[in-house]
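These are the residues of each chain, in order.
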Amino acid sequence: MFRRIDDAVRPAGITIWFEGQSLHAQAGDSLAAALLIHDAGAFRTTPVSGAPRAPYCLMGVCFDCLVEVDGVPNRQACMIEVRDGMQVRRQHGPAGVADDG
Amino acid sequence: MDSADVAIIGAGPAGLAAAETLAAAGASVVLLDEQQMPGGQIYRGIEAVQALRRQTLSLLGSDYAAGATLAKALRNAPVDYQPGSMVWDVSRDLVIHYSREGRSQGLHARHLLIASGALERPVPIPGWTLPGVMTVGALQILLKSDGLVPRVPLVLAGSGPLLLLLAVQLLKAGAPPAAIVETVPRRAYRSAARHVPRALQGWRSLMKGRRWIRTLTHAGVPWYRGCTNLRVEGADRATGLAFHHAGRTETIAADVIGLHQGVVPNVQLTRLLDCEHVWDASQRCFRPRLDDWLATTVDGVSVAGDGGGIFGAVAAEWQGRLAGLNIAHRLDRLPSAERDRQAAPMRAALARERTVRPLLDTLYQPPPDVLRPADEVVVCRCEEVSAGRIREAVRLGCSGPNQAKSFLRCGMGPCQGRICGLPVAEIIAETRGVDLDDVGYYRIRPPLKPLPLMELAGLAADNDPAQ
Ligand SMILES: Cc1cc2nc3c(=O)[nH]c(=O)nc-3n(C[C@H](O)[C@@H](O)[C@H](O)COP(=O)(O)OP(=O)(O)OC[C@H]3O[C@@H](n4cnc5c(N)ncnc54)[C@H](O)[C@@H]3O)c2cc1C
Ligand code: FES
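Chains as they are written, first to last, in our numbering: chain A, 3 to 103; chain B, 19 to 485.
These are computed hints drawn from the structure, not numbers from a lab. Please read all numbers here as calculations on a predicted model, not as lab measurements. Positions of the beta carbon are idealized from the N, C-alpha and C atoms, including for glycine.
Per label pair, the in silico range of CB-to-CB distance:
#1 A/S24 <-> B/G124: 39 to 47 angstroms
#2 B/R118 <-> A/P13: 20 to 28 angstroms
#3 B/W311 <-> A/R12: 45 to 53 angstroms
#4 B/G124 <-> A/P13: 31 to 39 angstroms
#5 B/E268 <-> A/H40: 27 to 35 angstroms
#6 A/H40 <-> B/R359: 55 to 63 angstroms
#7 A/P13 <-> B/H263: 38 to 46 angstroms
#8 B/D292 <-> A/T47: 29 to 37 angstroms
#9 B/E268 <-> A/T47: 29 to 37 angstroms
#10 A/H40 <-> B/A83: 29 to 37 angstroms
#11 A/S24 <-> B/A42: 45 to 53 angstroms
#12 B/N420 <-> A/Q89: 37 to 45 angstroms
#13 A/Q89 <-> B/N94: 33 to 41 angstroms
#14 A/R12 <-> B/D292: 45 to 53 angstroms
From chain A, some residues computed to sit far from chain B (all C-beta separations above 10 angstroms):
#15 A14
#16 G15
#17 I16
#18 T17
#19 W19
#20 E21
#21 G22
#22 S24
#23 L25
#24 E70
#25 R85
#26 G87
#27 M88
#28 Q89
#29 R91
#30 H94
Reference excerpt, derived from the structure (chain B facing chain A, CB under 8 angstroms, subset only):
#31 G155
#32 A191
#33 R436
Please model the entire structure based on the sequences and the hints provided.
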């Protein structure tokens, strides 16, 4: 859905994995941006109705970009940078909130 | 636990200006921000864009480039700047907990300055939860941080200066929107007209707005004015936007839809501290009550920038300096006469910045069906609670947002009500027929964002004297 502007300097290319598929990204990209370039579709499904969601705010507010990164769930894709070899999966079901106390 | 004279949360114009002022006065300053780079929302990514991405720098415009001065001042000042730090708890004895690189740590400060800025007002319209629907700010973030523009048809819908600014920026990037669907009602122009004389004192902002409108009109970007009843079409992703215009229903096909209805103060931290808040009827939002020096009702806690009410980036910077002067004074690093002398021209500059607000606030007042959406519209995105269910709960006796939480779980999801807080309060006030001040807001509890339990356990171990 998105493309890069042709800026003169290009940072190093790296590879990330989304649902087992390799995707090209650039160092410094947010994970959300890297997935949006490749039309990754839904980032997560909701715990209540299973509806598909993708980034809405890109500034850490809405939590609709939650994915599982390297086995850790509830990561905000818009708040983390890509790393070479990163393993990313869609998040299904509830976001665990550590506020039960 | 680490300690500092002053902790500043937020490295946007307000926080950066305050850090510079306080460091110059000799105070020890820790500056925390969740982002990896300084600049806040307006100057997001400024250092990287300036260093590496010349084309992006020129299309973002001179207001954006101005942020480089603040970023440079930060790098030259003795400030303990800790990027990538998400503050998740603050207590009234000014102990701050934040998460950085997967580890949580504590900090004790003698003074706290909250400069956490604004959030985009949620735009709950039918279909707004579909993939492909984003805020205008989100689209601008992709442009600033990642150099991305849409390569599929895009519609920008809603109202406000930021919407027009992004349209101009995308046009310059060679990716103009397929259409602008503006919701400003015709009568708003008439009510706004009386604020024009005052706004002329801040003529620079007015000229800027005129220039944007001219640029977009010249480029032939289709512009629908006075639109109502916006609805995103699509089953599992957005495929278009439908709306009423000039007595007809129009639909424009689009894969990306950018929504905007202005920005509102981010009150998560001031609510967490239980600072007193007031309802601002002209900006239709809550804001913390502040005195002349931007101090809250909680001792030792001040707020600078758009987090205390929306006045824009230039005002945010002046407020940062003003709050900084007063905190320096309270730390016995600046005599009151000197503080007042330095503050006088800042207050004058702030007053100038404010002259354009009544015009903007009147013209770009969000439409009633965005403030209080129709029954079928999802209001709480996390728990998928519709406006109709909130109205039903009110009729069953639910009197405020905190009760709505226990009735319906709205506001209980990971976003902690950042998105649904205002519409839920508006819907309850309307249904009960009472003022927003009587309805209030969600009680905010730590952690401000979900934390892995592992991280909390790590913090407990760090604080255990036996270890
Ligand atoms: C998405 C967006 C885009 C905008 N773009 C423009 C623009 O192009 N031009 C314009 O004139 N105005 C823009 N604005 C309006 C904006 O409010 C500016 O007026 C200006 O950025 C406000 O400055 P500030 O210092 O008050 O806060 P901000 O610049 O918003 O900075 C606040 C900082 O606080 C940090 N923060 C918040 N909470 C926490 C926490 N719990 N822990 C750690 N850090 C935290 C954030 O990461 C952020 O960097 C935009 C607003 C938004 C929301
Ligand atoms: S897109 Fe909203 S939190 Fe990431």
